[in-house]
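Trainee: The residues making up each chain are set out below.
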Amino acid sequence: MDSVLKFLLTDPVIGLVKGLLVIGVVLQIVPLLIYLERKLSAYMQGRLGPNRVNLVIPYAVPGVGGLRLIPGSLQPLADAVKLAFKEEIIPKDADKLLWYLGPFLAFFPVATALAFIPFGTPHWDAFGSGILVDLRVCTVDISVLLLFAISSLGVYGIAAGGWGSGSKYPLMAAVRASAQMISYEVSMGLAVLAAIATVGSVDLQQFVMHQATQQFADLGLFSVPNWLVFSQPLAALIFLIAMFAENNRLPFDMPECEPELVGGFHTEYSGLKFALFFLGEYAAMILMCGLFTTIFLGGWSGPGVDPYATDGINALLSHVWFMAKVMFLLVFQIWIRWTLPRFRYDQLMNLGWKVLVPLALGNLVLTAVAGYFLNPIGVGQ
Amino acid sequence: MSAHTSDHDDAPAFEGDHPPMTASEKSYIPSIVKGIGITLQRFFKPNFTVQYPEQAPYDYASQDRAIGEVNPRHRGEHILVKDEQGREKCVACLLCMAACPALCIHIEPEPAPWDDRERRPKVFEIDMLRCIYCGYCEEACPCDAIRLTPKLYTPTTSRTERVYDKERLLENNPEAQVPQRPRK
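Chains A and B, in that order, are what the protein sequence lines are.
Everything in the first sequence is counted per numbering that gives the first Met the number 0, starting at 0 for the first residue and increasing by one.
Everything in the second sequence is counted per numbering that gives the first Met the number 0, starting at 0 for the first residue and increasing by one.
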């Protein structure tokens, strides 16, 4: 048994399993997220939301019949089936290559960038075999840089889809989306730079270790962990705002503002290509929430998690903490979407360039100065 | 920028105009916090949705009534009233036909086989698609033979089904308000 494990737990196998696991989990969260989005928005507006396509256990209650579990819980499945059987219409003027590439370019960078998010402790002794497994798909020392490099490619998907449609509204939406995503990437990058200066590393696993091993304040009853949301509150706020803009969600959903641009960059898409755009959008939400969790909310650390322990229970608990934080942020994103109205395009650019970038720059300078005086040898431990 | 979206900055301040925004108002953060508080409160309040085929629509005219009950004075579909012997009360005087502003009632009289009246309707049709549910036929009737019931909706799949004949009007049951489908 032990030798079988040793044989199986080679690097390629571990990497493959982790990759499939992450993609699988994200693809499973997306329908849940769509259901949550529709249900939460309905309840916030005094409606019921989807409640007809139920998960039914037939003949569960004797005399009455089937047991309806969660009202409307199979709605995403019904939507997916509907999309799969929809006729695909390609516009006459479409640029075929870009048209076909668009949805893939929208989903592929997000799926790739997910590889750098640590979803558990860095050294889990896999099934007691003595092989330490780092609970993230891709173990590199520059994961922050790589993640940003790859995830910013996502804008090409939107641009290609909008341009390739050969239609006016998608084109305008694509131009808007490109401008918006590039603008907010600047402030997001500057906010993360301040966080990097605090931690002294560009490795996301080091970010979590930094937050898990130190303590921000001791309140007697419990100690506040050194999450960067406490030591870098301004950077966290800027990142949070830029995160909404990067995900193209209200109040910054310029690329698909329905009242102005019909359906935005995916107006002309139908069927499974539209579904892939949708999937990419929600996967990007999960990615950004995972990133915010990792950088500012302590990642997988939490009460009961020992960052140096190697046992399976500890690894599982760390993963549960990570998912709980991500789910909270996802619900928060949905919550904000159904609360705030949309920004006008010039207001959006004003906020991005005239408010967030100077704030983020000031924050970075402040961090550098404070780091020099508090820790002259070198920031980070 | 079009003309109707003029800036308020260069417009002269008049009485009742909004005071200039403070720094905290300009940052939007207090109002965003307030906003998400409102949606959170709303989340836990009951919703207004009426599940139509299972629940009858809410009657806004009677706020004291529970959701799903229709006002008993609601003017809905017609019924032809029967007398003690089970015959229709209608004597085919055509007064309702004359009173109808929508011209939706069509009556063809025939001699009645009974001693107490001279005529009875051979054909009595109401086009429910034309009817405006004004209740004038009810008022015009000298014999209390036609009434409007609170019956709201009876969905049909064709237009011809919406023309109710005499048998259907005689058998129209106001108790069967909505096609009830049990929902557990």
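One or more of the hints may lead you astray.
What the hints assert, rightly or not - Per label pair, the in silico range of CB-to-CB distance:
hint, chain 1, residue 1, chain 2, residue 2, range
1, A, Ile-69, B, Arg-41, 32 to 40 Å
2, B, Ser-26, A, Ile-141, 31 to 39 Å
3, A, Gln-213, B, Pro-18, 39 to 47 Å
4, A, Gln-214, B, Tyr-27, 31 to 39 Å
5, B, Pro-45, A, Phe-84, 47 to 55 Å
6, B, Thr-155, A, Val-319, 52 to 60 Å
7, A, Leu-360, B, Glu-24, 21 to 29 Å
8, B, Pro-18, A, Asp-345, 19 to 27 Å
9, B, Ser-26, A, Gln-214, 25 to 33 Å
10, B, Lys-121, A, Gly-270, 52 to 60 Å
11, B, Arg-158, A, Val-80, 27 to 35 Å
12, B, Tyr-27, A, Phe-229, 19 to 27 Å
13, A, Gln-213, B, Glu-24, 31 to 39 Å
Note that these hints are calculated values from the structure, not bench results.
Don't be surprised by glycine CBs; every beta carbon is placed ideally from N, CA and C.
Trainee: Starting from the range 19 to 27 Å, see whether the pair B/Tyr-27 and A/Phe-229 falls in it by beta-carbon distance.
Mentor: With a Cβ separation near 23 Å, B/Tyr-27 and A/Phe-229 satisfy 19 to 27 Å, so the hint holds.
Trainee: If I claimed the Cβ atoms of B/Pro-18 and A/Asp-345 lie 19 to 27 Å apart, would that claim hold in this structure?
Mentor: With a Cβ separation near 24 Å, B/Pro-18 and A/Asp-345 satisfy 19 to 27 Å, so the hint holds.
Trainee: Look at the Cβ atoms of B/Arg-158 and A/Val-80 and judge whether their distance stays inside 27 to 35 Å.
Mentor: The hinted range 27 to 35 Å holds for B/Arg-158 and A/Val-80, with Cβ atoms some 34 Å apart.
Trainee: Is 25 to 33 Å a correct range for the gap between the Cβ atoms of B/Ser-26 and A/Gln-214?
Mentor: Given a distance of about 31 Å, which is inside 25 to 33 Å, the answer is holds.
Trainee: Range first: 21 to 29 Å. Now tell me if the beta carbons of A/Leu-360 and B/Glu-24 are that far apart.
Mentor: Holds - the Cβ-Cβ distance for A/Leu-360 and B/Glu-24, about 24 Å, lies within 21 to 29 Å.
Trainee: Starting from the hint 31 to 39 Å, judge whether the C-beta atoms of A/Gln-213 and B/Glu-24 obey it.
Mentor: At 37 Å between Cβs, range holds.
Trainee: Okay, B/Thr-155 versus A/Val-319 on CB: inside 52 to 60 Å?
Mentor: Distance hint for B/Thr-155, A/Val-319 holds at roughly 55 Å.
Trainee: Quick check: does the Cβ-Cβ distance between B/Lys-121 and A/Gly-270 fall within 52 to 60 Å?
Mentor: holds (58 Å)
Trainee: Holds or violated: the 31 to 39 Å window for the beta-carbon distance between A/Gln-214 and B/Tyr-27?
Mentor: holds (33 Å)
Trainee: Is 39 to 47 Å right for how far apart the beta carbons of A/Gln-213 and B/Pro-18 are?
Mentor: Given about 46 Å between the Cβ atoms, the range holds.
Trainee: Taking 47 to 55 Å as the hint, is the beta-carbon distance of B/Pro-45 and A/Phe-84 inside that range?
Mentor: Violated: the Cβ-Cβ distance is about 37 Å, outside 47 to 55 Å.
Trainee: If I claimed the Cβ atoms of A/Ile-69 and B/Arg-41 lie 32 to 40 Å apart, would that claim hold in this structure?
Mentor: violated (21 Å)
Hint check: violations occur at hints 1 and 5; the rest are consistent with the structure.
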